[in-house]
Amino acid sequence: ETGVTQTPRHLVMGMTNKKSLKCEQHLGHNAMYWYKQSAKKPLELMFVYNFKEQTENNSVPSRFSPECPNSSHLFLHLHTLQPEDSALYLCASSQDKGLAPHQYFGPGTRLTVL
Amino acid sequence: QKEVEQDPGPLSVPEGAIVSLNCTYSNSAFQYFMWYRQYSRKGPELLMYTYSSGNKEDGRFTAQVDKSSKYISLFIRDSQPSDSATYLCAMGGGNQFYFGTGTSLTVIP
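As they're listed, the protein sequences go chains X and F.
Under our numbering, residues 1 to 114 are what the first sequence spells out, in order.
Under our numbering, residues 115 to 223 are what the second sequence spells out, in order.
Treat the hints with care, since some could be wrong.
Here are the computed lysine-lysine pairs in the DSSO-like style, where the Cα-Cα straight-line distance is at most 27 Å [stated by the list, open to error]:
1. 22(X) <-> 40(X)
2. 40(X) <-> 116(F)
3. 36(X) <-> 156(F)
Because the hints were derived from the structure by calculation, they are not lab data.
Based on the provided sequences and hints, a complete structural model is requested.
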């Protein structure tokens, strides 16, 4: 595997389910990010981790819970989501610490909440 | 007011045309400016970035930044069908980082 990988690529869940998104970076980078991409809207930065420590949390609802066990892996735990949470969730990493200009993105997880 | 404004298009041009994509912003704290390209069913990839006003060229692509007008542009010369994608501007500084909505571009052979 190279670059940034995300699993699953597609996920359909009900509002009462609990699921997790996984991201892994194979680049030896020091920072990792979660973004939400909705149609006709800018990418929304959700969380930033530098060296496994969360440094940014842009007023994201508590139904989204990130976890960064080491500098290569990032998870987004989901529970009691709403239909408006349906979107493409992108993971990214960067060599430089958080909010770096050069970020490497994974292909995303397409989430549908019924 | 949005931090970054970008016309979503869609923009459709014939092969070989010069394409101009633009973004405006309101925050004077922004110090670095990027253009990302996103193909269908892929994540964005960095195309160009710059820290200063002026032009930066890379092959058929030229990024232009005018900090006094808070305006950035991406020019694509001799556009190719493989340039068909969504182009996202992004900018950061002052512990902030924002993307535009993206402009969808189709280059018709």
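Outcome of the hint check:
no. : hint             : result
1   : 22(X) <-> 40(X)  : 25 Å, holds
2   : 40(X) <-> 116(F) : 13 Å, holds
3   : 36(X) <-> 156(F) : 14 Å, holds
The structure is consistent with each of the numbered hints, conforming to all of them.
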